[in-house]
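K.L.:
These are the residues of each chain, in order.
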Amino acid sequence: MKFSPRRLGLTLAAPLLAVVVAFVITSLVLVAVGDPVGQVWSTLLSEPRPRTLVNIINSGITYYIAAVAVAIGFKMKLFNIGVDGQYRIAAFAAALVAGQGWLPGVLNIVLAMVVAMFVGGFWAGIAGWLKVTRGVSEVISTIMLNTISAGLVGWGLRSWGTRAEGSNTRNTQEIPESSQLEGLPLIADAPNRVYTLLVLAIVVGIVYWFVINRTRFGFDVRATGESETAAVASGVKVPRMVLIAMIASGAVAGLISMPSFFGADHSYGLNFQEGVGFIGIGIALLGRNHPVGIAFAALLWSWLEKASDGLQLQAGVSPALVYIIQGVILLAVVIAYEVVARFERRLEQKQVTRQLDTATPEGAAA
Amino acid sequence: MSLSVGTEIETAPQRPARRVPFWAWPLALAALLVVLSVIRVVTGQSDIASSGTLGAALAWAMPLALAGLGGLWSERAGVINIGLEGMMILGTWGAAFGAIHGGPWMGVLGAILCGAVGGLVHALATVTFGVDHIVSGVALNIVALGVASYLAARFFGELEGGSDVQSPPLPSLPRVGIPGLGDALGSVEDKGWFFVSELAALLRAATTDLSILTVIALALIAGTWWLLWRTPFGLRVRSCGESPVAAETLGINVYVYKYIAVTASGGLAGLGGGFLAMVASNAYREDQTGGRGYIGLAAMIFGNWRPGGVLMGSGLFGYMDALQLRGGGSALHAMLLFIGVLLVAIGLWQILRRQAHVQGTVAIVVGIAVVVLWLISDSIPGEITRFAPHLTTLLVLAFASQRLRMPAANGKVYRRGEGH
Amino acid sequence: MSTTVTEPPSAAGPPAVEVEGITKRFPGVIANQDVTFAVTRGTVHAIVGENGAGKSTLMKMLYGVQRPDEGTIRINGETVSLHSPADAIKHGIGMVFQHFMLADNLTVAENVVLGAEKLHGIGAAARAEITRISDEYGLDIDPRDLVADLGVGARQRVEILKVLYRGARTIILDEPTAVLVPQEVEELFGNLRELKREGITVLFISHKLDEVLSVADRVTVIRRGTTVDTVLPQDVTARQLAELMVGTELPTPETEESTVTDRVVLSVDGVTLAGAGRNVLEDVTLDIRAGEVVGIAGVEGNGQAELVEVLMGMREPAAGRIALEGTDISDWDVRRIREAGVGYIPEDRHRQGLLLDAPLWENRMLGHQTQQPASRRGLLTQAAARADTERIVREYDVRTPGIDVTVGSLSGGNQQKLIIGREMSHAPKVLIASHPTRGVDVGAQAAIWDLIREARREGLAVLLISADLEELIGLSDTIRVILRGRITGEFDPDVVTSQELGSAMTGAGKDAS
Amino acid sequence: GGSDSGGDATSGEGSDIKACLAYDVGGRGDQSFNDSAARGLDQAKEELGVQIEEVEASQGENDAAREDRLNQLVDAGCTNIVGVGFIYAKAIGAAAKDNPETSFAIVDDASADSKADNVAQLVFAENEGSFLVGAAAALKSKSGKVGFIGGMDVPLINKFDAGFAAGAKAVDPKIQIQTKYLAEDGSGFADPAKGKTAAEGMYDKGADVIYHAAGGSGAGVFEAAKANNKMAIGVDSDQAKTAEKDVQDVIITSMVKNVNVAVFDYIKASVDGEQMSGLQEFDLKSGGVSYTTTGGKIDDITDQLDDYKQQIIDGKITVPTK
Ligand SMILES: Nc1ncnc2c1ncn2[C@@H]1O[C@H](COP(=O)(O)OP(=O)(O)OP(=O)(O)O)[C@@H](O)[C@H]1O
Ligand SMILES: Nc1ncnc2c1ncn2[C@@H]1O[C@H](COP(=O)(O)OP(=O)(O)OP(=O)(O)O)[C@@H](O)[C@H]1O
Ligand SMILES: [Mg+2]
Ligand SMILES: [Mg+2]
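Chains as they are written, first to last, in this note's numbering: chain A, 384 to 749; chain B, 1089 to 1508; chain C, 463 to 975; chain D, 143 to 464.
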């Protein structure tokens, strides 16, 4: 697609519109329930400390990969609601393997990633297979698989996890020191570090962009998403694509936990971060399934989230306010995208006719 | 709408499922009771069909049934509603807020209203703005979680006995039952007679100590059937889900009916949330819904978008839930026998009647494996019993989804004047 | 054809419908401009005009589905403002749309009473009334049937019944004959005359002039959105009418001297396809030679679509063999078949031929993803694809401001030219063209016919499926008739008439040569 | 106690001690564990005049987020920070390393994760307290069947389970114990409906006393007990006082885990200038866990229970933890 200022303007219009709407609605809510509006915004909008900034980036990394996993499905109009379950079961399996430390250092990390992608892909593949062969909606099957994976992981953790001396939790074996990644000192003055596997997120983003936009496979994916019937007629084997897309989505979902696992957690335990898959859905929608859009959305999301502690401490407002802001932005943005897209389509149709009219004056209506 | 998959979308005409005659229902129920009796006798697990289990199953089924009924309203009008979970969440908050400030019946009203607001937002996004239904639903779930959580912190945090994540105890709704019947049936149940005791247990569960909200929910299921299939209003709602363009050309304001149906959908799901807050427990709690909106949706789908089916689907879920919570591993273990035998039967049927040798053989082999598993083990690990309902859903859908037919225009974005 | 109705319309009372100065604009299109005419009560009034002239738009405004930007509508002398079909229905207007407006999964009764529940409820009384109307007008409809089980003719009668049930005094029929075979058309006209006798006014849209002349009492011609004239059928010939419609002379497809060789390119042998209940294709056998156009005639739904799907590899035949230049391709998938040199112009370009929201150059790649200039070794070659799209736009006269606009914003004819250009660019050996000019304006239609003829000269084997019998007769070297999934006849287009084809298509005629 | 701290003297200015609590999701008001910690904080504010601050976690966060929260508390000027719940173990360990000047405490964890010179690990012998209520259950049971309902199958709750079983068996070796864990995740602590159904199942199968360690889900256990005219045992605080009025009379006793005492003691030590650190065990002996007699339902057996208590304190009985 050629660059055009109008197009860019329209692309940015929707998210900006949504953020403004979210700002207004949230303010109204605050006024309605009598919370301090000014203080809330000044707290939320104050510049984060370096340490918090690092944390924003770190959870942004996690969310980014989650959103890409979701976006792969979305590109084909597949709703992989099960990223959460795929991520969980993959994280557990990877932690189990990595904890054994069969391979030294970086190789161990690579092995864990391969295992995570395999397990995540397999888990998503079940839903894909059910859809293709049995016609079960992936929305329902992935939701069921989420619960099932939670159960299996719970059982696995009880069977293979260990309880450290004096601890009240259960964890998998901690990974050897040689496989622990120290992090990148990207932010000056911060005592903590950005996950080394920021690199992984960037690679995932680039590969995603490249495959979708520059390969034949990606074209098939997009074609299927835009019109299944046209894709079929063009030679795309949709069932096969569904299976592949689900597996790819699950494989990427499997990677979600990797940056934090090797950068901070070092083992899988009861304090595992839940719900990332659902956050990924929100971010993918917000970022319009675009690798760059998703990056901004992921940072926005995690920035809001990190602001919630300040909200409690400085404004005395429930941190749940942040959920409202996130939710309203999301709802506003999906509506705004629809409105803008419709507007754009009309504009283009008009333009086509106008240009043709001037080209062939006799073609105009009498 | 999500991808339909397959290359035969072009021409293969879908045979609509034939109506099940009304007498089939009691017959099926009786058959089920016989099966349960056999399992009880063979395994000695008295909890399989005790009135306690069935009563709990009924109670567990109701929130799911209400959510599923909500889904049915919405999807019959052509709007996929994956936002049921969010609407339920809003309902739990609304129930608590209403009940605290106006008594139990205000709680019921509050649940319905708050859920309906969620439905209205979904309608606004999908009907007016043409947002993809699943996208809107997912977004709504996120918003609802935030709104309920924030409002709870704001309105319950300060109250005596409440906190940011929990409301104070709510006043309870009346419970009803047919007096005297319970004890009589109970003594029959205790005799352990084949089938008779199971029947007594079922009657006992259905007639004693029910929450008034359970009765209302059952009435709503019947009422939905009557309203949607027996009144002009219902015909109009359904026409919006089958062919909104056709409805439009007959002078029907499709937007209005979609709005009504989706809002009602929210109200029903909200009431389901209210059930959780006021009947299943007696307070609002964050995360109380625990994904029941999704399960309700699943129950509706395998109930084939029909009220009776919703009841059946949610009943199955409720039963599995009740059984695993009450009996745990051993009761579910007994069910293995049932599942194994069922699989073998399905396999034989596939081979003998449908010539599907591969599927049939697979079913028989798996069935025998399940029976063997039943023989060699004596309990199922807790984690696995807890996802048994979900696994069951997945299996049921895998076996039955070809027989299901959703409303033809479900999930399609409709815009006035653009369909001709 | 049967007797033409010639008695002059009675002039009693104000006109049933009168429109004056109607203008309707769509983004970029003026669909109607200053349309003015009147319809006398109790007559059959035809509206003719070429594709895209604005006939449907006008009728939709009469029915309240759309609203005019300017102008007035009078019904029985009273100026009305129609905001929705409900208003129109209230004023006694009913409409049968070009595309049927029926909910497949509802029963006939439910479809009929929908929106008119106040009249007789939705129960037994309503069903009785439906049966009564059905009997009265000889519509032969059972209210308890599921619409999904009905054929095209019955569906149309249900549509008419819907209108009658509401007590409409003015009925609009938008191209009712498009999907009917001649015999069914006769039946329909019989029904219309019946209606007229009951004093009902019929507004009838068509661009089949012989039909119009046989049934109408008055004919209004619309050209490019404007009323050109209203004439009495006995005063004009079909030729004059056509010239009024087009403004110039009508182009007709004409077969040139035969280019048929004896080299069989595509050979279909005993192909059978199983469907729900019965076989949708049964023992279909035909050969297409290089330079030959084989036309398939048939009433919609008799297996044409399935035949195309089987040939394109979208469905696998249960029995039989399909060979492309001697190679068995029966079990190949779509992609392999396309790569082997089978071009495809789908029946429904919006559904099967294009990605409406993607730019022209991406649509250029569709269907040929695996081939140059779309991709190489799995990677897209965008620059090459763009350059080739520019070429197609130029060579095939696709009217577009550029190759970056979305294909959805082009007109149907231009979309179709892009598709044809795309398919021809890969030097196909076989072209499967399904309704290649459906919904395309006259200018583009002529251009498309030329393209097909040219390809045939160059040795292409063409399978042409069309509902337009003129087109079939004009382009084909041989015509096969398909009925209930079987090839039931073979005709020489040089000698066959539309009537004969129509008989064969309905199974009425046995005179297959 | 605490009268010697000079709390009154500093109440105008406020002490220069600022005690802060970081809760898990839910926070103050769960009528159980978190509330107990909050009571300790309130007591410290009142009696010692310390300044306080509270924050709670948000849903589904990771250790980094928890650590960041603790650091924000440090930034807000907190001198003493308590992580309420083992979920904070790693975060406390890390934050303590980064802020050697600040004093930390963690409830329910004694692992290497949270170990540091400036961290007090406040742990409880829940198994010992549970032993006593287990014995009480066995003594009160007429059917010889008792039940245990846990919110989640994790080591912490296993301790309650193990202690309860040991206590019941100590009284009656043939006693039947039904055990049920409600969920895989935190929802097991927040779903009274689950508690109720599980308890009804147990009562229907003959149990007449049920002990729950299921947080908020326990409300359902009490409801079931009330409806079936059976007995229940509360947990964490004296639930015969804190539970809803109409079910209080079914709660024969509660296994109290005095988190408030631990939190208060920890803060008080700082006020007194003797920073608490290292492993701090709150067991039967130190009064960190105990059983209650509110309502007088077990007045007849307190002698026997106190006897067991003494044996545990004396080390004659070792209560298992899993
Ligand atoms: N909803 C719409 N939006 C934009 N343009 C429209 C719309 N409806 C019709 N048009 C345009 O208005 C013109 C008239 O269309 P209309 O359907 O009335 O033609 P018609 O005479 O019925 O043609 P046909 O014989 O193909 O049915 C066409 O150019 C068409 O593309
Ligand atoms: N992006 C899009 N998505 C869906 N539909 C679209 C899109 N863009 C255009 N359309 C539809 O495609 C139609 C344009 O194709 P159509 O064949 O009707 O053109 P037309 O101008 O009517 O040509 P004709 O003269 O053949 O009738 C418009 O009616 C419009 O509703
Ligand atoms: Mg058109
Ligand atoms: Mg038309």
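Hints are computed from structural coordinates only; laboratory data are not their basis. Keep in mind that this is a model prediction, so the values were computed, not measured. Note that the Cβ used here is the ideal one computed from N, Cα and C, for glycine as well. Misleading hints may appear alongside valid ones.
[What the hints assert, rightly or not] Below, in silico cross-link-like pairs of lysine to any residue (SDA-like), each with a Cα-Cα straight-line distance of 20 Å or less: (1) D:387 x B:1259; (2) D:387 x B:1191; (3) D:347 x B:1418; (4) B:1500 x C:819; (5) D:257 x D:243; (6) C:658 x C:598.
[Said to hold, decoys possible] A partial selection of chain D residues facing chain A, derived with a Cβ cut-off under 8 Å: (7) 203; (8) 205; (9) 253; (10) 314; (11) 316; (12) 320; (13) 326.
K.L.:
Does each hint fit the structure? Answer for all of them.
P.N.:
Quick rundown of the hints versus the structure:
no.	hint	verdict
1	D:387 x B:1259	holds (12 Å)
2	D:387 x B:1191	holds (17 Å)
3	D:347 x B:1418	holds (13 Å)
4	B:1500 x C:819	holds (17 Å)
5	D:257 x D:243	holds (15 Å)
6	C:658 x C:598	holds (13 Å)
7	203	holds (6 Å)
8	205	holds (6 Å)
9	253	holds (4 Å)
10	314	violated (29 Å)
11	316	violated (28 Å)
12	320	violated (19 Å)
13	326	holds (4 Å)
Violated hints, listed in ascending order, are 10, 11 and 12; each of the other numbered hints is respected by the structure.
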